[in-house]
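S.K.: Keeping their order, the protein sequence lines are chains A and B. Here the first sequence stands for residues 120 to 318, where the numbers follow this note's numbering. Here the second sequence stands for residues 120 to 318, where the numbers follow this note's numbering.
The hints are simulated quantities; they were obtained by calculation from the structure and are not laboratory data. Cβ atoms here follow ideal geometry from the backbone N, Cα and C, with glycine treated the same way. Heads up, a few of these hints could be off.
These stretches of chain A come out as covered by chain B in the derived footprint (C-beta under 8 Å, 3 or more residues) [to be verified]:
id, segment
1, 123-133
2, 141-149
3, 266-276
4, 305-312
One-sided excerpt, in silico: chain B residues whose CB lies under 10 Å from chain A [unchecked claim]:
id, residue
5, Ile125
6, Ser142
7, Leu157
8, Trp210
9, Val265
10, Thr269
Protein chains: 2
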Amino acid sequence: MAGPEIESLIRQIARLPGVGPRSARRIALALIKRRTVLLDPLVQALTTAAASIKICGACGNYDSQDPCLICTDPRRDGTIVCVVEDVADLWAMERAAIYRGRYHVSGGVLSPLSGVGPEDLKIDRLVERVGRDGVKEVILALSATVDGQTTSHYIAERLQPTGVVVSGLAHGLPVGGELDYLDDGTISAALTARRPVGY
Amino acid sequence: MAGPEIESLIRQIARLPGVGPRSARRIALALIKRRTVLLDPLVQALTTAAASIKICGACGNYDSQDPCLICTDPRRDGTIVCVVEDVADLWAMERAAIYRGRYHVSGGVLSPLSGVGPEDLKIDRLVERVGRDGVKEVILALSATVDGQTTSHYIAERLQPTGVVVSGLAHGLPVGGELDYLDDGTISAALTARRPVGY
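Whole structure, please, built from the sequences with the hints as guidance.
M.R.: The structure is reproduced here in structure tokens:
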């Protein structure tokens, strides 16, 4: 069809998450066709990212500085730490723009079936950090899956000796969600955690 | 949220066709997380593509050589030329793996509303090529839209003095298509062009 350079470009693009072979071809064509507008700035951004982005030694976030912007921001409350599985979840929390504490990226959840044990997650480092930095509350924002909840319980148990307050995200109806489309588990969780309605 | 390098990377990725801000974030994270496996080979492929891919002076295809592989392939029939709007359409024809002639990329279709006139398309070059290279048939494989069909008629008119045979792709049911989901135009075209069914 096309030369090996184009084929190799399409192959690399098709390896990105959520990009199939058809979109990869479309993206490759757009990149070739609009070289100065799309391709060159993308190469620039990728090269800069590869050269400058580090993993924050304190929380596990990606940033061009270590410790990261969030860990060094004096306006953020260092006495609250939110535990998330992944940097993607940290970004999702930041988009909600409601949380003003710091983070700790666990690097995943315990999963006996996939062979992920406590030693694969950054839990030791969390316990250490809580003991050292005067943390008052740890918020566990892990997935509401069986593995996520098991991990939450495990972390809470590990944190018990430090005396820190450990909380988890509430379960319930997603905002804008319709009852009809919700699974039974969410409905029963929302019913159990029902709250008085004020006037 | 994240440093300016990550933000700029996400912005560049979100400009690719078919990639929204959410997928762009997901792709950026995957690239950062799996740098040696995803990011480095992608930069390599992009750089190589930018450095080596040219537009074929004969047909308008993208390739690392000019004239392109298709134009220089001695097994392909140089007396048949298929006119396509775009390199994407050329690739689509090649994927069908049925056509063994050469191509001519017009660069679009006539569109008075978008201000695209005959001088914006490579039609002069096609007429010249037909006169010079002993082309016997020109197959117009343009879109089955009003603009595409107008362009087909215009090209056929321009080619008339050369005496070349001009044909167009057939209209009808797509293979695997169900009547129920087809538009009226396609059904009436398929009915008009109905063929005897052999035993």
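S.K.: Please go over all the hints and tell whether each is borne out by the structure.
M.R.: So, going through the hints one by one against the coordinates:
no., hint, result
1, 123-133, "holds (count 8)"
2, 141-149, "holds (count 7)"
3, 266-276, "violated (count 0)"
4, 305-312, "violated (count 0)"
5, Ile125, "holds, 6 Å"
6, Ser142, "holds, 5 Å"
7, Leu157, "holds, 6 Å"
8, Trp210, "holds, 6 Å"
9, Val265, "violated, 24 Å"
10, Thr269, "violated, 24 Å"
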